[in-house]
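> Sequence:
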Amino acid sequence: MARNVQLLLTENVEHLGIVGDVVNVKAGYARNYLLPRGLGTEPSEEKIAALAERRAEAEKEMKALRAKREGMIEKLSEFELTIERSCNDQGHLYGSVTQNDIATALIAEGFDVKQRDIRIAHPIKRLDSYEIPVVFETDLRTTFKLWVIADRHLDMDDRPEMEFDDEGNLIEVVHEEPAEETEETQETEEKAPAADES
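In terms of my numbering, the sequence shown opens at residue 1 and continues consecutively.
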């Protein structure tokens, strides 16, 4: 089991803490990431006191950032984003819509988001509407509606009906035509005796 060490953060580290925090981290994380980048140091009372003013400033910044994100969450929950893509007649995209594409489109609409805030398991590859999760923090999250539409008119009347087979491949649905009546069937119906009138 990896040994934990205590470090005093000298800068804000997302999902870990703010400057002036004393945190417990795995030794490898401290040795390979935090210490080489000057993000942490061995804690002491003198160092903690020296960072007190910067910590107070960081707390104000974090409070302001949280308030900003709360406002964004409220707007995003009612927001609908549209992205156009080239596709074939069955609605399959030539390419895909990625986290970066979605984040870039949201930024263009005035939302201050990062790619990692957009949570989709896989790139989007079909025309459709999607509920996209946005997660800033564990308790700061929402979803918004994304419409992925074609960049050209699709003639829906000529578009074949498609479905997925058991292997996940898209195939055309073939409907069986109803059987036509044969001449023999028609003749039998014509020769059938009429019911006696009472």
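Worth flagging that the hints you see were computed from the coordinates, not collected in a lab.
For each residue, glycine too, the CB sits at the ideal point set by N, CA and C.
A few of these clues could be false.
[As the list claims (entries may be wrong)] With a Cα cut of at most 30 Å, we get these calculated DSSO-like pairs of lysine-lysine:
| no. | residue 1 | residue 2 |
| --- | --- | --- |
| 1 | 125 | 63 |
| 2 | 75 | 145 |
| 3 | 26 | 47 |
| 4 | 75 | 114 |
| 5 | 75 | 47 |
| 6 | 75 | 26 |
| 7 | 114 | 60 |
| 8 | 47 | 63 |
| 9 | 60 | 47 |
| 10 | 26 | 60 |
| 11 | 125 | 145 |
| 12 | 47 | 125 |
| 13 | 75 | 63 |
| 14 | 125 | 114 |
| 15 | 26 | 114 |
| 16 | 114 | 68 |
| 17 | 60 | 125 |
| 18 | 145 | 68 |
| 19 | 75 | 60 |
[As the list claims (entries may be wrong)] Simulated restraints on C-beta separations:
| no. | residue 1 | residue 2 | range |
| --- | --- | --- | --- |
| 20 | 24 | 65 | 23 to 29 Å |
| 21 | 92 | 16 | 26 to 32 Å |
| 22 | 65 | 126 | 34 to 40 Å |
| 23 | 128 | 33 | 37 to 43 Å |
| 24 | 67 | 11 | 29 to 35 Å |
| 25 | 11 | 150 | 43 to 49 Å |
| 26 | 143 | 28 | 22 to 28 Å |
> Could you run down the list of hints and mark each one as holding or not?
Results for each hint:
Distance restraint check for residue 125 and residue 63: the Cα-Cα separation of roughly 38 Å exceeds the 30 Å cut-off, and the hinted pair is therefore not satisfied. At roughly 12 Å between alpha-carbon atoms, residue 75 and residue 145 fall within 30 Å of each other, so this suggested pair holds. With a C-alpha separation of about 21 Å, the suggested pair residue 26 and residue 47 falls inside the 30 Å cut-off, and the hint holds. In summary, the hint linking residue 75 to residue 114 is supported, as the alpha carbons are separated by about 16 Å, within the 30 Å threshold.
Distance restraint check for residue 75 and residue 47: the Cα-Cα separation of roughly 41 Å exceeds the 30 Å cut-off, and the hinted pair is therefore not satisfied. The straight-line distance between the Cα atoms of residue 75 and residue 26 is roughly 38 Å, outside the 30 Å bound, and the hint therefore fails. Between residue 114 and residue 60, the direct Cα distance comes to roughly 21 Å. Compliance with the 30 Å bound is thereby established for this hinted pair. For the hint linking residue 47 to residue 63, the alpha-carbon distance of about 24 Å falls within 30 Å, and the restraint holds.
Only pairs whose Cα atoms come within 30 Å are accepted, and residue 60 paired with residue 47 is accepted, the gap being roughly 20 Å. For the hint pairing residue 26 with residue 60, the CA-to-CA distance comes to about 28 Å; that is within 30 Å, so the pair holds. The hinted pair formed by residue 125 and residue 145 meets the criterion: a straight-line CA distance of about 16 Å does not exceed 30 Å. At roughly 52 Å between alpha-carbon atoms, residue 47 and residue 125 are farther apart than 30 Å, so this suggested pair is violated.
At roughly 19 Å between alpha-carbon atoms, residue 75 and residue 63 fall within 30 Å of each other, so this suggested pair holds. A hinted pair counts as satisfied when its Cα atoms are at most 30 Å apart, and residue 125 with residue 114 qualifies at roughly 21 Å. With a C-alpha separation of about 27 Å, the suggested pair residue 26 and residue 114 falls inside the 30 Å cut-off, and the hint holds. Under the criterion of a C-alpha separation no larger than 30 Å, the hint pairing residue 114 with residue 68 is consistent with the structure, at around 14 Å.
For the hint pairing residue 60 with residue 125, the CA-to-CA distance comes to about 42 Å; that exceeds 30 Å, so the pair is violated. Using a Cα cut-off of 30 Å, the hinted pair residue 145 and residue 68 holds, with the two alpha carbons roughly 21 Å apart. Taken as a hint, the residue 75 and residue 60 pair is honoured in the structure, with Cα atoms around 23 Å apart against an allowance of 30 Å. Residue 24 and residue 65 have their C-beta atoms about 24 Å apart, which keeps the hinted 23 to 29 Å range intact.
Between residue 92 and residue 16 the beta carbons are some 41 Å apart, a value that contradicts the proposed interval 26 to 32 Å. Range check, residue 65 to residue 126: Cβ separation about 35 Å, and the 34 to 40 Å hint holds. Hint check: residue 128 to residue 33, Cβ distance near 39 Å, so the stated range 37 to 43 Å holds. In this structure the supplied range 29 to 35 Å is violated for residue 67 paired with residue 11, their Cβ-Cβ distance being about 22 Å.
For residue 11 and residue 150, the hinted distance range of 43 to 49 Å is satisfied, since their beta carbons lie about 46 Å from each other. One distance hint, 22 to 28 Å for the beta-carbon pair residue 143 and residue 28, is violated here, with the actual separation near 35 Å.
Consistency note: the structure conflicts with the earlier hints numbered 1, 5, 6, 12, 17, 21, 24, 26.
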